[in-house]
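Enquirer: Sequence:
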Amino acid sequence: MFLKKSLLFSILILVLGQSYAQISDFESINFTRADNRAVLHEGRSLENLPVLAHDLTFNLDTEVEKFRAIYRWVCHNISGDIRQNNITSRKREKYRNDSIAYLKWNAEYKRIAFKTLLRRKKTMCTGYAYLIKELCFLANIEAVIVDGYGRTVASNVEALDMTNHSWNAVKLNDKWYLCDATWSSGYMVNDALFINDYNAGYFLAEPKLFAKNHYPIQKKWLLNAILSASEFVESPLIYGATFEHQIIPVSPTRLTTNTGTDTEVHFSFKTLEQVDGESIQLIQSSGSREKAFKIEGFKNENGTVRFTTKFRHKGTYDVHLKIGSDVVASYTIRVDKV
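Residue numbers (full-length UniProt numbering): 1 to 338.
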């Protein structure tokens with residue numbers, strides 16, 4: 001399943017460094033050679049996967065470099081298949097109350113999907129995960145496909161619906177990492193157009209952050225994230241720009257917050273990069289129009305940004321946290337009179 005993009009929303013969540021991001025396990029690695037190797041073999045066919053795996057990884061020094069070359073090549077050379085994605089979405093809706101029937105249909109449809117992948121280099125999430133796994137196997141890297149629930153603005157927002165997404169776990173230096181080539185590769189617009197837009201944020205993402213919009217059927221693939229299904233669907237919505245700005249929202253902890261008029265609501269997030277306080281906004285949007293809420297008590301201490309705002313009138317507010325022009329988190333604030 002692919003994420004969708006509107007004027008306000010991007011795709012993924014973020015990767016932090018040092019304390020939070022597993023990519024920091026490889027701070028000493030320069031990925032330039034691996035990235036260049038992927039670029040060098042751009043456009044290669046999938047007719048001979050062993051040769052492709054060899055050419056992508058030959059003479060790279062470390063497992064993580066080899067995996068980086070594979071991952072980047074897949075994300076840049078495989079496109080999302082709109083037709084397959086729409087067919088799968090319709091079937092998922094049809095079999096919403098009959099998971100056994102859906103799984104049976106899905107198992108049969110995978111054969112068609114894999115043929116399309118190999119011939120046309122178009123696929124959906126299962127195909128991306130399958131290709132990552134196969135190329136890793138051929139490069140002597142252990143990787144598995146992880147099935148579960150992907151959370152977007154349209155899926156698994158208030159409850160876990162049927163499973164709708166697949167991604168990978170990969171073992172590097174005897175440690176498991178998580179990644180999602182589908183959501184790294186691009187996004188769909190209105191179920192009609194796939195946009196290739198590489199986002200490296202899901203390359204070896206930190207498990208606790210990855211779990212913000214990935215919930216596996218097998219809980220072991222949460223790795224060190226401790227998260228219940230209810231916590232998963234109660235969390236704020238997070239987007240691709242969150243990766244770009246390298247932040248992780250901390251509070252409110254839930255998508256929906258109940259409060260009273262003229263009562264302080266506390267917002268906070270962690271950041272690795274210096275953030276200009278003037279670039280931070282809380283807004284309510286209606287079409288192309290935006291209304292900004294007043295931010296008070298702004299503090300930026302040791303990489304944690306904190307501030308409050310008050311809602312003067314009773315009502316339900318869809319509130320978006322912005323940095324510059326980018327939405328990085330969304331909340332619903334329900335305000336009653338005190």
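Rather than coming from a laboratory, the hints here were simulated on the basis of the structure.
Hints are not guaranteed to be accurate.
[Said to hold, decoys possible] Label pairs and their computed distance ranges (CB to CB): (1) G297 / I112: 55 to 61 Å; (2) A192 / V39: 25 to 31 Å; (3) V189 / T253: 28 to 34 Å; (4) G287 / T32: 24 to 30 Å; (5) K91 / T316: 29 to 35 Å; (6) R96 / S228: 21 to 27 Å; (7) T316 / K220: 37 to 43 Å; (8) T316 / A101: 33 to 39 Å; (9) K310 / K171: 46 to 52 Å; (10) S28 / K337: 53 to 59 Å.
[Stated by the list, open to error] Pairs of lysine-lysine residues, derived as DSS-like cross-links and limited to a Cα-Cα distance of at most 27 Å, are as follows: (11) K220 / K133; (12) K219 / K171; (13) K121 / K110; (14) K110 / K219; (15) K337 / K310; (16) K115 / K104; (17) K104 / K220; (18) K110 / K94; (19) K94 / K104; (20) K299 / K270; (21) K322 / K310; (22) K104 / K91; (23) K208 / K322; (24) K208 / K110; (25) K270 / K294; (26) K337 / K294; (27) K171 / K133; (28) K121 / K175; (29) K299 / K322; (30) K133 / K104; (31) K208 / K133; (32) K104 / K270; (33) K94 / K115; (34) K133 / K115; (35) K291 / K314.
Yeah, the Cβ is synthetic: ideal placement off N, Cα and C, and Gly gets one too.
Enquirer: Now tell me if each hint is right for this structure.
Expert: Now the hints, each set against the structure:
Roughly 56 Å separates the CB atoms of G297 and I112, a value that falls within the hinted 55 to 61 Å. One distance hint, 25 to 31 Å for the beta-carbon pair A192 and V39, holds here, with the actual separation near 29 Å. Between V189 and T253, the C-beta spacing of about 31 Å keeps the proposed range 28 to 34 Å intact. Between G287 and T32 the CB atoms are about 43 Å apart, so this pair departs from the stated range of 24 to 30 Å.
As the Cβ distance of K91 to T316 is approximately 34 Å, the hint placing it in 29 to 35 Å holds. The hint said 21 to 27 Å for the Cβ distance between R96 and S228, and at roughly 22 Å that hint holds. Evaluation of the 37 to 43 Å hint for T316 and K220 yields a pass: the beta carbon distance comes to about 38 Å. A beta carbon spacing of about 37 Å between T316 and A101 agrees with the range 33 to 39 Å that was offered as a hint.
For the hinted restraint 46 to 52 Å between K310 and K171, the CB-CB distance of approximately 49 Å keeps it satisfied. For S28 and K337, the hinted distance range of 53 to 59 Å is satisfied, since their beta carbons lie about 57 Å from each other. Only pairs whose Cα atoms come within 27 Å are accepted, and K220 paired with K133 is accepted, the gap being roughly 18 Å. Of the supplied pair hints, the one linking K219 and K171 holds, its CA atoms being roughly 17 Å apart against a limit of 27 Å.
With a C-alpha separation of about 15 Å, the suggested pair K121 and K110 falls inside the 27 Å cut-off, and the hint holds. Restraint check for K110 and K219: satisfied, since their Cα atoms lie roughly 24 Å apart, inside the 27 Å limit. Between K337 and K310 the alpha-carbon distance is near 12 Å, which keeps this suggested pair within the 27 Å criterion. With a C-alpha separation of about 18 Å, the suggested pair K115 and K104 falls inside the 27 Å cut-off, and the hint holds.
The hinted pair formed by K104 and K220 meets the criterion: a straight-line CA distance of about 25 Å does not exceed 27 Å. Distance check on the hinted pair: K110 and K94 sit about 18 Å apart at the alpha-carbon level, within 27 Å; holds. Among the hinted pairs, K94 with K104 is consistent with the structure: their alpha-carbon atoms are about 13 Å apart, no more than 27 Å. Pair hint K299 plus K270 holds up; C-alpha atoms about 12 Å apart against a cutoff of 27 Å.
A threshold of 27 Å between alpha carbons decides the hint, and for K322 with K310 the separation of about 17 Å falls inside it, so the pair holds. Proposed proximity of K104 and K91 is supported: the alpha carbons are some 11 Å apart, at most 27 Å. Restraint check for K208 and K322: satisfied, since their Cα atoms lie roughly 22 Å apart, inside the 27 Å limit. Pair hint K208 plus K110 does not hold up; C-alpha atoms about 30 Å apart against a cutoff of 27 Å.
Between K270 and K294, the direct Cα distance comes to roughly 21 Å. Compliance with the 27 Å bound is thereby established for this hinted pair. Distance restraint check for K337 and K294: the Cα-Cα separation of roughly 19 Å lies within the 27 Å cut-off, and the hinted pair is therefore satisfied. The straight-line distance between the Cα atoms of K171 and K133 is roughly 11 Å, inside the 27 Å bound, and the hint therefore holds. A threshold of 27 Å between alpha carbons decides the hint, and for K121 with K175 the separation of about 30 Å lies outside it, so the pair is violated.
Proposed proximity of K299 and K322 is supported: the alpha carbons are some 16 Å apart, at most 27 Å. Only pairs whose Cα atoms come within 27 Å are accepted, and K133 paired with K104 is accepted, the gap being roughly 22 Å. In summary, the hint linking K208 to K133 is supported, as the alpha carbons are separated by about 23 Å, within the 27 Å threshold. About 43 Å separates the Cα atoms of K104 and K270, which puts this hinted pair outside 27 Å; it is violated.
Distance restraint check for K94 and K115: the Cα-Cα separation of roughly 24 Å lies within the 27 Å cut-off, and the hinted pair is therefore satisfied. Distance hint between K133 and K115 is fulfilled; the C-alpha atoms sit about 16 Å from each other, no more than 27 Å. Restraint check for K291 and K314: the C-alpha separation of about 16 Å stays at or below 27 Å, so the hint holds.
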